[in-house]
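Trainee: Sequence:
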Amino acid sequence: MLAASSYPLLNVFLYMLWFFLFFIWIWILISIIADIFRSHDLGGLAKAVWLIFIIFFPLVGVLVYLIARGHSMQERSMKQAVDSQKQFDEYIRQTASTGKSTADELADLAKLKESGAITDADYEKAKAKILS
1 MLAASSYPLL NVFLYMLWFF LFFIWIWILI SIIADIFRSH DLGGLAKAVW LIFIIFFPLV
61 GVLVYLIARG HSMQERSMKQ AVDSQKQFDE YIRQTASTGK STADELADLA KLKESGAITD
121 ADYEKAKAKI LS
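Quick note: the sequence shown uses the working numbering, first residue 1, plus one each step.
No wet-lab data here; the hints were simulated from the structure. Just so you know, these numbers come straight off a predicted model, no measurement behind them. Treat the hints loosely; a few may be bogus.
[Said to hold, decoys possible] List time: in silico SDA-like cross-link candidates among lysine to any residue, alpha-carbon distance up to 20 Å:
#, residue 1, residue 2
1, Lys47, Ser31
2, Lys129, Asp108
3, Lys100, Glu90
4, Lys127, Ala103
5, Lys79, Asp41
6, Lys79, Glu90
7, Lys113, Leu131
8, Lys47, Leu29
9, Lys47, Ile32
10, Lys47, Glu75
11, Lys47, His71
12, Lys111, Ala128
13, Lys111, Lys125
14, Lys47, Ala68
15, Lys129, Glu105
16, Lys79, Tyr91
17, Lys129, Ser101
18, Lys47, Ala34
19, Lys100, Ile130
Please work from the sequences and hints to get the whole structure.
Mentor: Structure representation (structure tokens):
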């Protein structure tokens, strides 16, 4: 620590390094705990054992978990990302599929009224719904 006291910029750098290492450590712990609960191939007892192991022996627990289940952790993460993308794409398709503007819908409604398929009262209700 003698070098750090004679070089204050080095001291700041070391504090920043420790802070970022601590942040990365917390990120890894949260990721592993989330993966434990997300995993469908583990039973409740196995999840509890992994969680206790990681809480009471964090360094060894994290390393063992990453070695034993790191590959499947990546597969589950990729599967979740693909599922999220599919849901998002489906939502976009569903919202974009209406494709008609308000004017087009009103024109279709007017055609239905002219053909006698709907009454004047139904036309006014539908028109109010479209315009709102």
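Trainee: Against this structure, judge whether each hint is valid.
Mentor: Do the hints match the structure? See the list:
Taken as a hint, the Lys47 and Ser31 pair is honoured in the structure, with Cα atoms around 14 Å apart against an allowance of 20 Å. Between Lys129 and Asp108 the CA atoms are separated by roughly 14 Å; this keeps the pair inside 20 Å, and the hint holds. At most 20 Å may separate the alpha-carbon atoms for a hinted pair to count; Lys100 and Glu90 meet this at roughly 18 Å. Between Lys127 and Ala103 the alpha-carbon distance is near 11 Å, which keeps this suggested pair within the 20 Å criterion.
The hinted pair formed by Lys79 and Asp41 meets the criterion: a straight-line CA distance of about 14 Å does not exceed 20 Å. For the hint pairing Lys79 with Glu90, the CA-to-CA distance comes to about 16 Å; that is within 20 Å, so the pair holds. Distance hint between Lys113 and Leu131 is fulfilled; the C-alpha atoms sit about 17 Å from each other, no more than 20 Å. Distance check on the hinted pair: Lys47 and Leu29 sit about 14 Å apart at the alpha-carbon level, within 20 Å; holds.
Under the criterion of a C-alpha separation no larger than 20 Å, the hint pairing Lys47 with Ile32 is consistent with the structure, at around 11 Å. In summary, the hint linking Lys47 to Glu75 is supported, as the alpha carbons are separated by about 18 Å, within the 20 Å threshold. As the CA atoms of Lys47 and His71 are separated by approximately 17 Å, the hinted pair is consistent with the 20 Å bound. For the suggested pair Lys111 and Ala128, the alpha carbons sit about 16 Å apart, so the restraint of at most 20 Å is met.
About 15 Å separates the Cα atoms of Lys111 and Lys125, which keeps this hinted pair within 20 Å; it holds. Restraint check for Lys47 and Ala68: the C-alpha separation of about 14 Å stays at or below 20 Å, so the hint holds. With a CA separation close to 11 Å, the supplied pair Lys129 and Glu105 stays within the 20 Å bound. For the suggested pair Lys79 and Tyr91, the alpha carbons sit about 18 Å apart, so the restraint of at most 20 Å is met.
This hinted pair checks out: Lys129 and Ser101 have alpha carbons roughly 14 Å apart, not beyond 20 Å. At roughly 11 Å between alpha-carbon atoms, Lys47 and Ala34 fall within 20 Å of each other, so this suggested pair holds. A distance of roughly 11 Å separates the Cα atoms of Lys100 and Ile130; the hinted pair therefore holds under the 20 Å criterion.
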